[in-house]
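Student: Work out the full structure, taking the sequences as your base and the hints as a guide.
Just so you know, the protein sequences line up as chains X and S, in that order. Residue 42 in our numbering sits at position 42 of the first sequence, and the numbers go up by one each step. Residue 59 in our numbering sits at position 59 of the second sequence, and the numbers go up by one each step.
Simulated from the structure, these hints should not be mistaken for laboratory data.
Far from chain S, some chain X residues (derived; all Cβ distances over 10 Å):
1. 9
2. 53
3. 66
4. 72
5. 97
6. 117
7. 157
8. 169
Covered stretches of chain S (chain X as the covering partner; in silico rule of three or more C-beta atoms under 8 Å from a C-beta of chain X):
9. 397-410
10. 448-455
From the three backbone atoms N, C-alpha and C, an ideal C-beta is built for every residue, glycine too.
Take a look at the letters that make up each chain.
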Amino acid sequence: MIPRHLVIGTAAMLAIALGMSVYLWRMRGRVPHVEPAAYSGPIAPPVSGPTEQVTLYVADDESGILRAQAARIPLPAGRQERAQELLRALLGLYLDKLSPHPLAASAEVRDVYLVDPGLAVIDMNAAFADDHRSGILVEELTVASLVQTLSANIPGITRVKILVDGKQRETLAGHADLSGFFDVSAVNQMVAQMQSAQ
Amino acid sequence: MRWNSNSKNKAITTKDTKEHEGKPAERLTRPIGSVRAGFLVILITALVLCASLLLSAPSEQKRVSIYSTAANYTLSVMDRDHRDYVSLLEVLEPLGKVTIKNDGSRWKFRYNNVDAEFNAGKTRARIQGHDVDLPGIFLLENGRGLVPLDSLTTLLPRFLGGPVTFNVTARRLFIGNVSVHFTATVNKANPPTLVMEFSSPVNPMIATEPGKLRMVFTHEPIVPPGSQTLTFDSKTIPSASYQEDNGAVEITVNGSEPLFASFSNDGRTITVTAAPQTAAQVAARTPQPQLNLPAITSPVQPGPYIPSVSSGGAPTYFAVVDASHGGEERGAALSDQLSEKDVTLAFARKLRQELESRGVSTLLLRDGDVTLSLDQRANLANSSHPAIYICIHAASRGTGVRLYGALLPPGGENHGSFLDWDTAQSGFAAASQTVETSLIAELQKKQIPVRALIAPLRPLNNVTAAAVAIEITPPENGISELNSPGYQQLISETIATGMVAAREKLEAPR
Numbered sequence: 001m002i003p004r005h006l007v008i009g010t011a012a013m014l015a016i017a018l019g020m021s022v023y024l025w026r027m028r029g030r031v032p033h034v035e036p037a038a039y040s041g042p043i044a045p046p047v048s049g050p051t052e053q054v055t056l057y058v059a060d061d062e063s064g065i066l067r068a069q070a071a072r073i074p075l076p077a078g079r080q081e082r083a084q085e086l087l088r089a090l091l092g093l094y095l096d097k098l099s100p101h102p103l104a105a106s107a108e109v110r111d112v113y114l115v116d117p118g119l120a121v122i123d124m125n126a127a128f129a130d131d132h133r134s135g136i137l138v139e140e141l142t143v144a145s146l147v148q149t150l151s152a153n154i155p156g157i158t159r160v161k162i163l164v165d166g167k168q169r170e171t172l173a174g175h176a177d178l179s180g181f182f183d184v185s186a187v188n189q190m191v192a193q194m195q196s197a198q
Numbered sequence: 001m002r003w004n005s006n007s008k009n010k011a012i013t014t015k016d017t018k019e020h021e022g023k024p025a026e027r028l029t030r031p032i033g034s035v036r037a038g039f040l041v042i043l044i045t046a047l048v049l050c051a052s053l054l055l056s057a058p059s060e061q062k063r064v065s066i067y068s069t070a071a072n073y074t075l076s077v078m079d080r081d082h083r084d085y086v087s088l089l090e091v092l093e094p095l096g097k098v099t100i101k102n103d104g105s106r107w108k109f110r111y112n113n114v115d116a117e118f119n120a121g122k123t124r125a126r127i128q129g130h131d132v133d134l135p136g137i138f139l140l141e142n143g144r145g146l147v148p149l150d151s152l153t154t155l156l157p158r159f160l161g162g163p164v165t166f167n168v169t170a171r172r173l174f175i176g177n178v179s180v181h182f183t184a185t186v187n188k189a190n191p192p193t194l195v196m197e198f199s200s201p202v203n204p205m206i207a208t209e210p211g212k213l214r215m216v217f218t219h220e221p222i223v224p225p226g227s228q229t230l231t232f233d234s235k236t237i238p239s240a241s242y243q244e245d246n247g248a249v250e251i252t253v254n255g256s257e258p259l260f261a262s263f264s265n266d267g268r269t270i271t272v273t274a275a276p277q278t279a280a281q282v283a284a285r286t287p288q289p290q291l292n293l294p295a296i297t298s299p300v301q302p303g304p305y306i307p308s309v310s311s312g313g314a315p316t317y318f319a320v321v322d323a324s325h326g327g328e329e330r331g332a333a334l335s336d337q338l339s340e341k342d343v344t345l346a347f348a349r350k351l352r353q354e355l356e357s358r359g360v361s362t363l364l365l366r367d368g369d370v371t372l373s374l375d376q377r378a379n380l381a382n383s384s385h386p387a388i389y390i391c392i393h394a395a396s397r398g399t400g401v402r403l404y405g406a407l408l409p410p411g412g413e414n415h416g417s418f419l420d421w422d423t424a425q426s427g428f429a430a431a432s433q434t435v436e437t438s439l440i441a442e443l444q445k446k447q448i449p450v451r452a453l454i455a456p457l458r459p460l461n462n463v464t465a466a467a468v469a470i471e472i473t474p475p476e477n478g479i480s481e482l483n484s485p486g487y488q489q490l491i492s493e494t495i496a497t498g499m500v501a502a503r504e505k506l507e508a509p510r
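Tutor: Right under this line is the structure:
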């Protein structure tokens, strides 16, 4: 025989549980149904922190020269990462539709390696070269802009090698020779002549 | 300390000997002298041996060339115990899917669906369940399976399921029907020309030397003609010889004059031209008292083009005009209809005409829609020893003409007469500048906008002559005028005048 107080206690607890279930069911019906929004933010966290002033050498097709342009961009502490961010900032300018030297919309800097004291290897994606406009000056301006921006902001770079999709390429788009190393002092001379011959 | 004591003992012993034998000191010079002479002989022999070792050319790396419909490739051949070996993986990898499994001394190999098993140190292999005897033992080096080179005739048909033809002596292996045939005929035009027609496009390495032009074909499955020596009824190009060795074919064209090769018909035709007498030879034989510069003022030479090539002395005033791009390489798309390669060719032809009308012998590197690599362009230009190399480009943006000199990296290593390929232009930078200055002056005279720049533009770096690239941009009327005969005529006339004007300055130091 079950004691009477236990039967009353169990019945009370069941009644409370039933009441709470009904209450929760009614509450759930009042909450508006919201579809989860598609995630559109960056996959990798953006570089944040204090910004630094840098000089970007921006190609201008109309005048056929490089224009020094001051910019404030957040730069990470590592030398190699700084080089990557710097070139990504430069490329960002060229991807704008109103850019004075437009590049392919999907052009990207894959990586920058500072492999040797003085040597920087820039690895661009295939779209950068495949969709680049063909012509001596237009290709020369792109190369000069990359080399000049990198060497002017990352001290100690004396030579630059440009790879496309991790591989060596003969020319950028049929003209500018990418098979060798760009000597920074020679590129400086090339840019100086470009500016003076305007 | 020990050295000192030994020296002392040695000195005493010598003295003792002298006293004991009672011989005068000078008598001892005979055995000492003979020892010295012997030492000298050994030393000289050693020196001669060292010198002969140093002077002797290093033995050429042995190679085997494999030709198939899938790929043509060349592999290194290794010498193991006086037998030629080759890596089986490297042989079959370009032809299909290959997997290997190394299990101790057993080496399991799978090519597409064919399974094989080799054992290190054994001469018997098993392919698809059948025993195959190799002419030498199978070697396993760092997981790499090496088979005797001459076993390929037995092994490959079993893997590939078809016959192969292997010229073991020349180390050239043909898989399937991949042969390239050629014919060679000499026409008796002026100058005489050897026309070689190949059944497929070819791209040989070309070298010239006095009286000979050598073409080395490494990646082309060329098969020998009926006779190894071809004779022609021509005094200028009397013969050509065919030779195959070390995975390559060498065709040597013999000539009594300097020879020059050019490509056409999309690489299927090689034309070897006997250069006519150089301007220097003409000047030496023909008295021209009033003329200091006979080539400039001489009448226009007949024929489609007659390149004047120096025979090794001072180069004559001879220009090479290079229409950039061509063939598969369109260059810039200047408009929907206009390709850079077509504009450059039209302009180059006009420039040649203008130069020849001014008495400057001119060679057009590309006189058709053919693909030429940058190295080929540089090789062809350098082998003809021009005074000026002009490379033509075209662009859709800008106005007038842009001139480019080479962007030279510093410090190329030259070894005697062998120049560093990437900086070969270094020694000619001043001459290039002279030509550029002259061109600028002429363009400015005609009020054509001009801009001089330097650019990382090959093959300027590799050219051993005054070298300038010209980029023609549209006139103010727009892009459609870029290919108009009138505009091209104006630019080509001006450039030709500038090139002629540069001659005096270029020849002044000589």
